[in-house]
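Residue numbers (our numbering), protein chains in the order written: chain A, 574 to 881; chain B, 28 to 295; chain C, 370 to 601.
Keep in mind the hints are simulated off the structure, nothing from the lab. All figures in this text were calculated on a predicted structure; none of them were measured in a lab. Note that CB positions come from ideal geometry on N, CA and C, so glycine has one too. Hints are supplied without guarantee of correctness; some may be wrong.
[Stated by the list, open to error] Simulated pairs of lysine to aspartate or glutamate, EDC-like, Cα-Cα distance not exceeding 20 angstroms:
1) A:K793 with A:E722
2) A:K738 with B:D155
3) B:K163 with A:D810
4) A:K805 with B:D155
5) A:K738 with A:D657
6) A:K608 with A:E596
7) B:K163 with B:D183
8) A:K738 with B:D142
9) A:K725 with B:E119
10) B:K163 with A:D811
11) A:K805 with A:D834
12) C:K570 with C:D538
13) A:K599 with A:E669
14) A:K805 with B:D158
15) A:K738 with B:D158
16) A:K805 with A:E731
17) A:K599 with A:D673
18) B:K163 with A:D808
19) A:K772 with A:D808
20) A:K793 with A:E720
21) A:K725 with B:D94
22) A:K725 with B:D155
23) A:K725 with B:E117
24) A:K738 with B:E166
25) A:K698 with A:D645
26) A:K738 with B:D183
27) A:K738 with A:E720
28) A:K738 with B:E119
29) A:K793 with A:D657
30) A:K738 with A:E722
31) A:K793 with A:D595
32) A:K599 with A:D645
33) B:K163 with A:E748
34) A:K772 with A:D811
[Unchecked claim] Heads up, incomplete: computed chain B residues facing chain A, CB under 8 angstroms, no partners named:
35) G92
36) Q118
37) G146
38) G150
39) D155
40) R159
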Amino acid sequence: MNAHQTLPADDAKPAYNYAYLDEQTKRMIRRALLKAVAVPGYQVPFGSREMPLARGWGTGGIQVTAAIIGPDDTLKVIDQGADDTTNAVSIRRFFERTADARTTEATEEATIIQTRHRIPEAPLKAGQIMVYQVPTPEPLRRLEPREAETRKMHAWAEYGLMQVKLYENIARFGEVTTTYDYPVMVNGRYVMAPSPIPKFDNPKMHMSPALQLFGAGREKRIYALPPHTSVKSLDFDDHPFRIQSWNEPCGLCGATDSYLDEVVTDDKGGRMFVCSDSHHCETRREAGHRGAMLADASALHLVEEVKS
Amino acid sequence: MTVHVSPPEANLDPEPLLSVAGISRFYGERIGCQDVSFDLWPGEVLGIVGESGSGKSTLLRCLAGIDRPDEGEVLFRGSGQPLDIYSVAEQERRRLMRTAWGIVHQNPRDGLRMDVSAGGNVGERLMDRGDRHYGKIRERALDWLQRVEIAENRIDDRPRQFSGGMQQRLQIARVLVSEPRLVFMDEPTGGLDVSVQARLLDLLRVLVRDLGLAAIIVTHDLAVARLLTDRLMVMKDGRVVEQGLTDQVLDDPHHAYTQLLTSAVLSV
Amino acid sequence: MTTMIHVENVAKHFTLHNQGGVRLPVFDNVNFSVAAGEALVLAGASGAGKSSLLRILYGNYRPSAGHIHITHAGRQIDIVSAVPRTVLDIRRRTLGFVSQFLRVIPRISALDIVRDPLLARGVDAVEAGERAKAMLARLNLPERLWNLAPATFSGGEQQRVNIARSFVDPSPILLIDEPTASLDAANRDVVVALIAEARAKGSAIVGIFHDEAVREAVATRYLDITDFRKAA
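Start from the sequences and build out the full structure, keeping to the hints where you can.
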């Protein structure tokens, strides 16, 4: 035992730095973020760190959040649009413990929203920061496997190949069948992968007043959309970009303009379509909106008893 | 009588499309090609012949912007200012290779995207240059498939479902759709059956003439050179040993090596 | 009349590098001129170098010495020293070569072969087609063959396609090598008439004719190659 070291007492908190990452690492990530903000859509390499959860569970997003969060922030974490899924709960708890962060499920209260699959239905506001967990930052990767080549393609805006991918979709299926991670042109310059959000959410990125940050832990890339940045989904003049739509409203809250998930309710073929944004759905129900299947769902204890 | 040698006729283009000066490429001690110079004029088809290892493919790679030569320069006059293709930025060179130039590889796999449909392969250069109208891109692709004699109903098939000859024709359509001014071909009929070769050669001959293309064709097949080219350069050990009009070089070869080459064929 | 070809001190020998460098002299110090409207017939025994001389005039063989000035588009150009594209331009517009062999191009119909030189000189497609058909008819090529590629034609049929191509729009200079070799008497007479017509229109003609009667009918002048052979 070395005399210079002292063991923490049993009841002491773990000797982690604030928000888990050491200050040097945070500085490095912030420098990458600043560069990313300065060149919207450009993928900035960064030194991705080991995190206390497996890669592929959002380590890129967590590192970005850890680098920007402070004691005054309020954090919301969503996974598949929901605040109450395992991953969302784990990440929220992680920052509650390491950064003493206030957390919330309310979109409008949050200053930082970390997400994997969705952009909340409630419009984002100036001052808010979206942090996306990105599994595959390179939109050209499946078309061109060589990293050196994709970098050149970005550098010189050689994006014909990206368009070929959309062409192939239309030729084969009559329409562009890509429904999530749908490539976008940022600020008229860089083609960017918007992480696996549904293309339904693509228009929300366009000219958003919020700052949007993207972190890919395994691929070690950070990119960003500063507020009020043009984000255009790639398309053809005669096959314009279109978002998904549904034939029925949300079964719980009756919303007709939100992204719906299909939920199987029994083993007899019963199912319903409900808002994927759980907070949005609850808020609407609290405001008195009623979906056609709300009573059934309550009876099955799929949703909490609704206050009326 | 008074005799004066006239300069090139007024109806011919005043400036060469491609000026090649002193191109050399070495691989350590070994010579790839050495001190090759020539001018290529709009609409001219130049053949480079020689046996395997004579340096003709090395030279083509240097000319086509694929492999930087150790010495010499390649000047391209596409529009306006002559462009030294190895001193311009790589971006400009790549742009050139996708628009004003075309390369037809011996192996179609090197020139095609095998998991993209025929239509997508042909349309890529159009999309590269910014075309964003699906219907028009498809229309041009169909037009080009027809010109290279590929049935319309194959437009959505992938190249791996095509025969070797069809793949090669598809590669040619993919290159020519952007209406390049200069096309490089490396053994374009290599690896094809004789009957398939004849069809491809005829197609190339017609396209080159109709489009007024300048082309540089590397081949070891003197019959191919006879049918497609106006001029010939004969290469041996990395050097050009004889050049001139194709029929001159083949019918009245002066260099010992050319005489050997031409006498080694049954009838060209 | 305008001098169309002016041959100056032309010599030719072949060096066969792969047969011990043996040097085969053909002729030396050839000098002559041909004017528009003339028909110069090359004479001399078989092997005297008549065909070689004709090929040199066409720019196909390269002479070992001398110059050949061709009047092309109103100017005289030395075809020996001209760059390839100039030679090709001369051939396209001024210099035609009529041989007994047709270089068959796969899949091109007889009619297209004959029409091609007209199109290349800017004649419109309809008129070119009409003139091509008239020429094939005149040479008695059966109409059922017109739209077929000549690869499968008989020697005589191919030759007539070739002659039709050469005479559909005769060049200012016509170099003719044994055009009637495998033709019957009727078609031979057509060829003789075509040559006379071309000459009347001002073409300068240099030819080799094996057939005595054809030679007599065509020639305005003779040149015996054997004279130059002695010197070589």
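Cross-check of the supplied hints:
1. Taking the CA atoms of A:K793 and A:E722, the gap is near 18 angstroms; set against the 20 angstroms cutoff, the hint holds.
2. A hinted pair counts as satisfied when its Cα atoms are at most 20 angstroms apart, and A:K738 with B:D155 qualifies at roughly 12 angstroms.
3. Proposed proximity of B:K163 and A:D810 is supported: the alpha carbons are some 10 angstroms apart, at most 20 angstroms.
4. Only pairs whose Cα atoms come within 20 angstroms are accepted, and A:K805 paired with B:D155 is accepted, the gap being roughly 18 angstroms.
5. At most 20 angstroms may separate the alpha-carbon atoms for a hinted pair to count; A:K738 and A:D657 exceed this at roughly 36 angstroms.
6. Under the criterion of a C-alpha separation no larger than 20 angstroms, the hint pairing A:K608 with A:E596 is consistent with the structure, at around 18 angstroms.
7. Using a Cα cut-off of 20 angstroms, the hinted pair B:K163 and B:D183 holds, with the two alpha carbons roughly 16 angstroms apart.
8. For the suggested pair A:K738 and B:D142, the alpha carbons sit about 11 angstroms apart, so the restraint of at most 20 angstroms is met.
9. With a C-alpha separation of about 12 angstroms, the suggested pairing of A:K725 with B:E119 holds against the 20 angstroms cut-off.
10. Taking the CA atoms of B:K163 and A:D811, the gap is about 9 angstroms. The hint holds against a cut of 20 angstroms.
11. Distance hint between A:K805 and A:D834 is unfulfilled; the C-alpha atoms sit about 25 angstroms from each other, more than 20 angstroms.
12. Taking the CA atoms of C:K570 and C:D538, the gap is about 11 angstroms. The hint holds against a cut of 20 angstroms.
13. Our distance criterion of 20 angstroms between C-alpha atoms is met by A:K599 and A:E669, whose separation comes to about 18 angstroms.
14. Under the criterion of a C-alpha separation no larger than 20 angstroms, the hint pairing A:K805 with B:D158 is consistent with the structure, at around 16 angstroms.
15. Between A:K738 and B:D158 the CA atoms are separated by roughly 14 angstroms; this keeps the pair inside 20 angstroms, and the hint holds.
16. Taking the CA atoms of A:K805 and A:E731, the gap is about 17 angstroms. The hint holds against a cut of 20 angstroms.
17. Between the alpha carbons of A:K599 and A:D673 the distance comes to roughly 17 angstroms, so the proposed pair stays at or under 20 angstroms and holds.
18. Taking the CA atoms of B:K163 and A:D808, the gap is about 14 angstroms. The hint holds against a cut of 20 angstroms.
19. For the hint linking A:K772 to A:D808, the alpha-carbon distance of about 12 angstroms falls within 20 angstroms, and the restraint holds.
20. A hinted pair counts as satisfied when its Cα atoms are at most 20 angstroms apart, and A:K793 with A:E720 qualifies at roughly 13 angstroms.
21. As the CA atoms of A:K725 and B:D94 are separated by approximately 17 angstroms, the hinted pair is consistent with the 20 angstroms bound.
22. For the hint linking A:K725 to B:D155, the alpha-carbon distance of about 14 angstroms falls within 20 angstroms, and the restraint holds.
23. The suggested pairing of A:K725 with B:E117 holds, with an alpha-carbon distance near 9 angstroms, which does not exceed 20 angstroms.
24. Note on A:K738 and B:E166: the hinted pairing holds, with a Cα-Cα distance of about 18 angstroms set against a maximum of 20 angstroms.
25. Restraint check: the Cα-Cα separation between A:K698 and A:D645 comes to about 17 angstroms, which is no more than 20 angstroms; the hinted pair holds.
26. Between A:K738 and B:D183 the alpha-carbon distance is near 13 angstroms, which keeps this suggested pair within the 20 angstroms criterion.
27. For the given pair, A:K738 sits about 18 angstroms from A:E720 by alpha-carbon distance, which is consistent with the 20 angstroms threshold.
28. For the hint pairing A:K738 with B:E119, the CA-to-CA distance comes to about 24 angstroms; that exceeds 20 angstroms, so the pair is violated.
29. As the CA atoms of A:K793 and A:D657 are separated by approximately 28 angstroms, the hinted pair breaks the 20 angstroms bound.
30. A C-alpha spacing of about 17 angstroms is found between A:K738 and A:E722, which places the hinted pair at or below 20 angstroms, so the restraint holds.
31. Straight-line distance between C-alpha atoms of A:K793 and A:D595 comes to about 18 angstroms, which keeps the hinted pair within the 20 angstroms bound.
32. Among the hinted pairs, A:K599 with A:D645 is consistent with the structure: their alpha-carbon atoms are about 17 angstroms apart, no more than 20 angstroms.
33. Pair hint B:K163 plus A:E748 holds up; C-alpha atoms about 16 angstroms apart against a cutoff of 20 angstroms.
34. Only pairs whose Cα atoms come within 20 angstroms are accepted, and A:K772 paired with A:D811 is accepted, the gap being roughly 18 angstroms.
35. Taken as an interface hint, B:G92 does not check out: its beta carbon lies about 14 angstroms from the nearest beta carbon of chain A, beyond 8 angstroms.
36. For B:Q118, the interface hint holds, the least distance from its beta-carbon to any beta-carbon of chain A being 4 angstroms, beneath 8 angstroms.
37. Nearest Cβ of chain A to the Cβ of B:G146: about 6 angstroms, under the 8 angstroms cut. The hint holds.
38. Hint on B:G150 holds. Least Cβ distance to chain A is approximately 6 angstroms, under the 8 angstroms limit.
39. The beta carbon of B:D155 is positioned within 8 angstroms of a beta carbon in chain A (closest approach about 3 angstroms), and the interface hint is therefore held.
40. With a cut of 8 angstroms, the hint placing B:R159 at the interface with chain A holds, because the nearest CB-to-CB distance is about 5 angstroms.
Hints 5, 11, 28, 29 and 35 from the earlier list are contradicted by this structure; the remaining hints agree with it.
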